[in-house]
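S.K.: What follows is each chain in one-letter form.
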Amino acid sequence: MIIKASSYLAPFLLAAAPLGAQWLHYPTPGIPRTPDGKANLTAPAPRTPDGKPDLSGIWQADGAEDNPAVRDLEDVSPTSEGKAMLQPRAPGAPCLPPAIASVPLSPFKIYHLSKTLVMLSEYNLFRQIFMDGRPLPRDPNPTWLGYSVGRWDGDTLVVDTNGFNSERGIIGGRSGSGRLGPRPHSGAMHVVERFRRRDFGHMEVQFTIDDPKVYERPWSFREDVRLVPDTELLEYICEENEKDFQHRVGRQ
Amino acid sequence: MNGRTGSFLLGILAIATLPTPAQWLNYPTPGIPRTRDGKPNLTAPAPKVADGKPDLSGIWALTTGASGVRQLKPSEIKPWALELAKERQESLGKDSPAGHCLPDGPGHAGGLDRIVQTPPLILILHEDLTYRQIFLDGRELSKDPNPAWMGYSVGRWEGDTLVVESAGYNDRTWFEFGYPHTESLRITERIRRADFGHITVDVTYSDPGAYEKPWTAKREMQYRPDTELLEYVCAENEKDRVHLVGKLSDDGKNAVTVPLQILREYVGTYERQIPKGPQEIKVTVEEGQLTLSFAGDAPWRATAHSETTFTAFGTRYEFFKNDKGEVTHFLMIDGSGPWIADRKK
Numbered sequence: 000m001i002i003k004a005s006s007y008l009a010p011f012l013l014a015a016a017p018l019g020a021q022w023l024h025y026p027t028p029g030i031p032r033t034p035d036g037k038a039n040l041t042a043p044a045p046r047t048p049d050g051k052p053d054l055s056g057i058w059q060a061d062g063a064e065d066n067p068a069v070r071d072l073e074d075v076s077p078t079s080e081g082k083a084m085l086q087p088r089a090p091g092a093p094c095l096p097p098a099i100a101s102v103p104l105s106p107f108k109i110y111h112l113s114k115t116l117v118m119l120s121e122y123n124l125f126r127q128i129f130m131d132g133r134p135l136p137r138d139p140n141p142t143w144l145g146y147s148v149g150r151w152d153g154d155t156l157v158v159d160t161n162g163f164n165s166e167r168g169i170i171g172g173r174s175g176s177g178r179l180g181p182r183p184h185s186g187a188m189h190v191v192e193r194f195r196r197r198d199f200g201h202m203e204v205q206f207t208i209d210d211p212k213v214y215e216r217p218w219s220f221r222e223d224v225r226l227v228p229d230t231e232l233l234e235y236i237c238e239e240n241e242k243d244f245q246h247r248v249g250r251q
Numbered sequence: 000m001n002g003r004t005g006s007f008l009l010g011i012l013a014i015a016t017l018p019t020p021a022q023w024l025n026y027p028t029p030g031i032p033r034t035r036d037g038k039p040n041l042t043a044p045a046p047k048v049a050d051g052k053p054d055l056s057g058i059w060a061l062t063t064g065a066s067g068v069r070q071l072k073p074s075e076i077k078p079w080a081l082e083l084a085k086e087r088q089e090s091l092g093k094d095s096p097a098g099h100c101l102p103d104g105p106g107h108a109g110g111l112d113r114i115v116q117t118p119p120l121i122l123i124l125h126e127d128l129t130y131r132q133i134f135l136d137g138r139e140l141s142k143d144p145n146p147a148w149m150g151y152s153v154g155r156w157e158g159d160t161l162v163v164e165s166a167g168y169n170d171r172t173w174f175e176f177g178y179p180h181t182e183s184l185r186i187t188e189r190i191r192r193a194d195f196g197h198i199t200v201d202v203t204y205s206d207p208g209a210y211e212k213p214w215t216a217k218r219e220m221q222y223r224p225d226t227e228l229l230e231y232v233c234a235e236n237e238k239d240r241v242h243l244v245g246k247l248s249d250d251g252k253n254a255v256t257v258p259l260q261i262l263r264e265y266v267g268t269y270e271r272q273i274p275k276g277p278q279e280i281k282v283t284v285e286e287g288q289l290t291l292s293f294a295g296d297a298p299w300r301a302t303a304h305s306e307t308t309f310t311a312f313g314t315r316y317e318f319f320k321n322d323k324g325e326v327t328h329f330l331m332i333d334g335s336g337p338w339i340a341d342r343k344k
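Residue numbers (numbering that gives the first Met the number 0), protein chains in the order written: chain G, 0 to 251; chain V, 0 to 344.
Don't read these hints as lab results, they were simulated from the structure.
Heads up, the beta-carbon is just placed ideally off N, CA and C, and yes, glycines get one too.
There's no promise every hint is true.
[Unchecked claim] Which stretches of chain V does chain G cover? Using the computed rule of at least three CB atoms under 8 Å from a CB of chain G, they are:
| hint | segment |
| --- | --- |
| 1 | 67–78 |
| 2 | 100–107 |
| 3 | 114–121 |
Taking the hints into account, I'd like the entire structure generated from these sequences.
M.R.: So this is what it looks like as structure tokens:
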């Protein structure tokens with residue numbers, strides 16, 4: 000049995016998608032612009048005072064044909080335990096956070112501070128990535144979003160995350176062409192994200208998922224995200240007027 | 000309930016689990032002032048950022064977070080708003096946003112917050128994974144924003160005080176005790192870091208749609224060193240809502256009249272230990288009813304069920320005496336468990 004890069008666990012599609020956001024089209028201050036005033040997305044990536052790339056900005060992978068959210072997705076064989084997790088489970092995980100906030104297609108905003116990187120998601124949650132040298136916790140209280148530490152490998156920020164819970168754990172989100180369909184994970188999952196800002200407007204995030212309870216070997220994919228200038232996050236509250244989940248009665 | 004006062008709605012609902020005082024292996028916060036024995040020095044001067052402004056960064060516990068809306072007289076509250084608050088109180092807050100795992104918005108009144116400060120923007124991260132962005136880049140509040148649970152905030156420095164103006168709220172969040180607000184709500188926060196360990200916030204609420212005049216409240220925040228936010232996901236295993244079937248008026252069905260001289264024995268100042276520290280509770284008698292006031296908050300009246308047992312908004316209070324017949328303490332029993340309040344005066 001091979002998990003294809005297509006739609007497993009489609010019943011778990013999450014409610015409506017966050018909207019493209021705005022604060023009255025407020026121009027993002029201090030970004031490079033072309034002579035016609037548009038954001039210059041191919042300008043060099045900005046740097047922090049210590050010379051590392053500054054990852055700040057609002058980012059999104061829109062999943063369109065010219066900008067698929069997910070590339071180079073590896074097929075992978077599940078373990079016997081993993082096969083059981085792949086069985087369709089009762090719906091009823093409404094409005095819970097997805098593991099790894101940057102995988103869903105909602106826009107996210109990065110604040111790049113010297114010792115911390117804060118990632119705000121339009122899906123009304125945030126991640127903190129600590130770059131102060133602390134180690135990952137050994138036996139953490141399991142959480143939906145895990146515990147993240149970051150370090151630099153040249154110009155690439157390498158983020159390690161562990162401490163996920165395994166209740167109904169799903170990595171990924173909506174299915175579809177160029178997207179990562181939902182895939183199960185266990186509490187043993189370890190995720191490595193490698194963030195490389197190629198230029199002002201483009202960043203690659205390489206994900207490696209190592210979850211020996213569910214998958215026979217680590218697997219990876221890449222997400223290419225674009226900077227979204229002159230706009231702002233708009234809150235998306237999944238629980239607001241949620242009426243979908245009672246209708247999720249079908250089985251695969 | 001996380002030990003917050005004015006807790007009736009939140010307390011009764013005691014939604015799922017509570018944000019736990021959080022930790023990442025008790026990781027010591029780097030770079031904070033410490034006393035010689037290694038403990039954080041919470042009375043050291045407030046730190047400054049490069050441009051000389053106070054640095055508000057850190058993890059903070061709200062020790063007083065209520066809006067204080069109950070300080071308004073009934074005549075200062077629009078009749079519809081007063082009526083709606085009463086309805087919500089009667090159903091013991093069953094339909095509060097928190098009961099549906101919706102954001103607290105401007106009613107946020109507890110848990111740990113992290114403030115992240117950069118020159119053009121200040122972030123406030125809440126343990127329930129909601130967050131606020133306060134823009135200091137000179138933009139103005141939108142004239143006609145899409146109403147939002149968390150609103151829109153802009154800030155500016157006045158000397159060492161950060162002044163934050165917020166608007167654009169939806170009308171679905173509640174203040175304590177079910178008091179409503181409209182989309183006209185505007186909030187001004189004047190935030191001052193008094194020293195390393197303490198922030199005080201003077202908050203002004205203005206909502207001509209529901210209230211005849213603005214009012215102010217003081218919010219206090221204490222620095223929490225050597226710890227970390229721990230995520231709190233309300234929708235995780237939520238099983239409480241179906242049990243919220245009581246009515247406030249149920250309380251009156253078993254009410255008894257307790258002689259005034261017995262009620263007067265309970266009058267005094269009590270203290271209970273909540274995660275944030277000691278909390279003072281004043282017990283008085285007003286118009287023949289036992290009346291409780293938490294940490295200076297507006298008082299509420301309790302219904303007597305026996306000479307020693309009282310209830311108020313779903314919380315039970317049971318008084319105890321020693322061998323000499325002196326009142327020594329009371330037990331406070333609500334959704335967050337039994338609390339002991341010892342008599343101090």
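S.K.: Now look at each hint and say whether the structure bears it out.
M.R.: Taking the hints in turn, this is what the structure says about them:
For a cut-off of 8 Å, the count of residues in the segment 67–78 of chain V with a CB near a CB of chain G stands at 0, and the three-residue condition is violated. Counting residues of the segment 100–107 of chain V whose beta-carbon sits less than 8 Å from any beta-carbon of chain G gives 3, enough to reach three: the coverage restraint holds. Taking a C-beta to C-beta cut-off of 8 Å, the segment 114–121 of chain V contributes 4 residues in contact with chain G, enough for the three needed, and the coverage statement holds.
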